[in-house]
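Chains D and X supply the protein sequences, listed in that same order. The first sequence begins at 1 in this note's numbering and counts up one residue at a time. The second sequence begins at 429 in this note's numbering and counts up one residue at a time.
No lab work stands behind these hints, which were simulated from the structure alone. In this text, a Cβ means the ideal position worked out from N, Cα and C, and glycines have one as well. Each statement offered as a hint is correct.
Residues of chain D placed beyond 10 Å of chain X at every Cβ, according to the derived structure: (1) D12; (2) F35; (3) L284; (4) L308; (5) P322.
Below 27 Å or equal to it, Euclidean Cα-Cα: the simulated BS3-like pairs (lysine-lysine) are: (6) X:K578 - D:K252; (7) D:K150 - X:K563; (8) X:K578 - D:K135; (9) X:K578 - D:K150; (10) D:K150 - X:K680.
Number of protein chains: 2
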Amino acid sequence: MRPLRPSSLSRDHFNRKVRVRGWVGDVRDKGRIVFFTLHDRQDWVQVVVKPPFIEHYRAIGGLRRLDAVIVEGNYLPSKIAKRGAELVAEKIEVLSRAAEKLPIDPTGRTPVELPKRLRYRILDLLSDRSRAIFKVQETVLWAVRTFMRKEGAIEVITPKIIGAATEGGADLFTFDYFGMRAFLAQSPQLYKEQLVIPFEKVYSIDTFFRAEEHSTSRHLNEFVSIDYEEAFADWRDVMVVLERLLKYICEKISEENEQELNTLGVKPWVPDLPLQRITFDEILDELKRRGVDVQPGKDIPPSALQALTKDLERAYFITEWPTELRPFYTKPCDDDPSHTESFDLNIGPIEVAGGSTRIHDPEVLARRIRECGLNPESFQTHLEVFRWGMPPHAGWAIGLSRLLMTLLELSNIREAVLFPRDRWSLIP
Amino acid sequence: MRPLRPSSLSRDHFNRKVRVRGWVGDVRDKGRIVFFTLHDRQDWVQVVVKPPFIEHYRAIGGLRRLDAVIVEGNYLPSKIAKRGAELVAEKIEVLSRAAEKLPIDPTGRTPVELPKRLRYRILDLLSDRSRAIFKVQETVLWAVRTFMRKEGAIEVITPKIIGAATEGGADLFTFDYFGMRAFLAQSPQLYKEQLVIPFEKVYSIDTFFRAEEHSTSRHLNEFVSIDYEEAFADWRDVMVVLERLLKYICEKISEENEQELNTLGVKPWVPDLPLQRITFDEILDELKRRGVDVQPGKDIPPSALQALTKDLERAYFITEWPTELRPFYTKPCDDDPSHTESFDLNIGPIEVAGGSTRIHDPEVLARRIRECGLNPESFQTHLEVFRWGMPPHAGWAIGLSRLLMTLLELSNIREAVLFPRDRWSLIP
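Using the sequences and the hints, build the whole thing.
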């Protein structure tokens with residue numbers, strides 16, 4: 001019989017002999033009597049070690065935090081014990097010994113700087129705070145898939161190793177692939193566009209790679225992208241899908257992660273729809289009025305957006321970006337080719353998603369590829385697909401960790417990734 | 429207003445003017461009258477082009493297969509038309525022109541060899557057969573996540589770019605990472621083992637990479653692995669989880685994909701539990717009795733297993749593999765260290781999953797690393813975690829496409845991957 005978990009103990013086990021497995025938590029050694037907590041990842045039980053069994057406890061060398069053990073004993077109701085019961089040990093089987101000195105405090109009680117927390121990530125994940133973040137991530141992943149299934153979108157898995165045709169020429173990791181030159185994909189962009197031909201609505205949640213030399217609190221070199229693409233749709237159509245999804249995610253978090261939000265000190269939040277929509281040029285005008293100049297051809301820095309907090313909702317769309325700031329596949333506006341049918345979704349000053357109507361005409365696309373200084377030759381297998389029934393289409397991509405970071409008010413994206421990869425860190 | 433989809437037309441639209449968007453299918457041109465089918469990815473409607481509108485039809489140059497269009501017209505009940513109704517065109521807006529000559533027949537009526545199908549994958553995905561495979565994949569992905577959520581396992585996302593500590597020394601793709609040497613992960617193995625400390629039960633569905641020079645119908649260099657790992661569990665515990673999951677997946681496919689199974693000519697199948705369990709040595713004995721010798725230290729080839737079809741259920745476990753055939757982290761049997769607490773799950777002659785009890789003692793693990801000819805130095809950050817509360821644990825991994833391949837009786841794994849990567853192909 002497998003031993004019980006602490007969280008599966010109930011009143012039904014009172015006054016019965018039980019075997020319980022788990023990790024040792026706090027140990028209070030009073031000499032003739034020892035108390036320790038025995039944990040699983042949901043709950044814990046208090047264990048009492050008394051004479052005569054205390055002799056055996058001493059003989060095995062006692063216990064310490066994070067030892068993995070099976071405790072056999074009587075589960076007795078108790079008026080003093082926190083959980084209303086305690087386990088009186090009669091046998092302890094040590095399954096695994098923890099180190100005497102742990103590199104960081106796994107209880108989270110002693111503050112530790114983020115780089116050290118990430119170096120010893122597994123111990124860091126024992127703190128309520130860190131674990132809460134990834135429980136919320138689970139909710140987000142689940143919510144996206146539930147939503148997409150209801151929308152009739154099919155989940156697709158696109159290649160990470162690619163041979164040519166990528167979004168841009170730069171920021172690619174390159175490697176040898178059986179004598180061929182291969183790259184790590186920056187996004188599923190070209191594949192998801194192609195896949196609207198057979199599937200109409202597609203989505204993916206997948207890891208991608210950028211070889212950019214960033215050193216910010218919101219960029220990583222390996223990241224998870226939530227992608228959506230829809231046939232016979234334009235930017236306005238998919239903006240509505242995106243804001244409905246955001247609302248759905250926030251609702252699910254509010255419902256399912258009350259405890260985690262509490263742990264993180266974050267108030268539940270669900271946006272009202274439609275979200276605020278403000279054009280790129282309106283933002284620039286507003287900033288100019290306040291004496292802040294954004295250089296032409298440059299993105300709006302988060303610090304500038306911070307200045308507009310009073311004019312902006314918590315989540316809002318910045319629309320109609322200048323053509324020069326968007327990738328080649330973005331459709332310029334019919335009446336003003338210097339701007340595009342595009343949008344970013346921001347939460348506070350941080351961009352969490354971006355999308356657009358795509359160019360669906362292969363001639364126009366080839367021209368834009370050239371205008372962006374790229375070689376249409378390397379996009380041949382992509383361009384040919386545009387003659388196989390490519391309808392007008394639009395889509396977007398959310399950065400999963402950016403979304404988590406903003407919803408949970410984390411100051412660094414690295415907190416929202418189990419094992420983050422930046423230009424300095426490959427380990428653990 | 430967005431135009432309607434063919435599949436959203438109903439009797440409610442009879443005798444009304446409608447706008448319908450979709451792709452042109454078969455075109456029958458009778459001179460004074462033209463019929464064509466207008467498709468979305470679920471259904472289609474018949475369109476009739478009659479005088480006087482036929483003039484306009486000629487003026488725009490007519491239509492051909494895969495053109496993307498919006499048709500405006502009257503939706504009239506009809507006794508002849510297949511769908512019980514037809515759309516009498518009054519206006520056609522061409523959104524996108526398809527090529528006159530398509531490289532392969534997108535209807536799937538003309539047989540095409542697999543390499544050519546994969547080269548022109550998007551067109552291939554228009555055939556019912558190819559699309560059916562990925563609809564079933566969607567069901568499998570959904571079933572795994574639903575099952576895991578019920579089990580209380582948390583979904584984790586582990587790095588694809590890794591700096592050291594991998595399963596083996598060989599078959600890794602290597603590249604430069606900001607001046608450091610990096611590798612593409614072969615599996616989430618070491619991370620998922622570590623993550624049982626904070627989460628107890630973890631799973632992931634993710635893409636991994638092997639630089640092996642295979643040329644078989646069941647190997648690829650980029651593949652999706654469904655991984656599970658559980659704390660305080662052994663191989664027998666996780667075998668039960670695996671067989672329950674397999675049954676659950678098969679049930680869901682039978683329920684949700686009747687049409688796709690029909691298209692693929694596959695009978696619904698749900699295994700009875702428990703699955704048959706046969707040891708590696710029993711298989712060898714049985715083969716020897718039939719005059720088939722498997723060389724010591726070698727895997728059992730699928731062809732040999734084929735010979736045992738009569739003795740084996742459709743799905744079965746091969747257990748207790750020789751230690752030399754399993755990776756270093758596999759726990760040898762207590763009473764016979766030449767064999768391990770391990771298993772493969774086969775469907776027919778093909779291995780779709782493998783798993784084991786893992787070694788949880790860091791000294792034993794370091795010894796096994798050395799015995800396998802690897803350097804414990806490069807596993808330092810992995811080994812240190814084993815002193816932070818590593819309990820006994822066990823887990824397994826399923827190859828998603830292997831599973832699809834066997835369940836759908838496909839003869840080549842490439843059929844079960846949207847854009848497969850083997851040593852010869854990086855495109856599309």
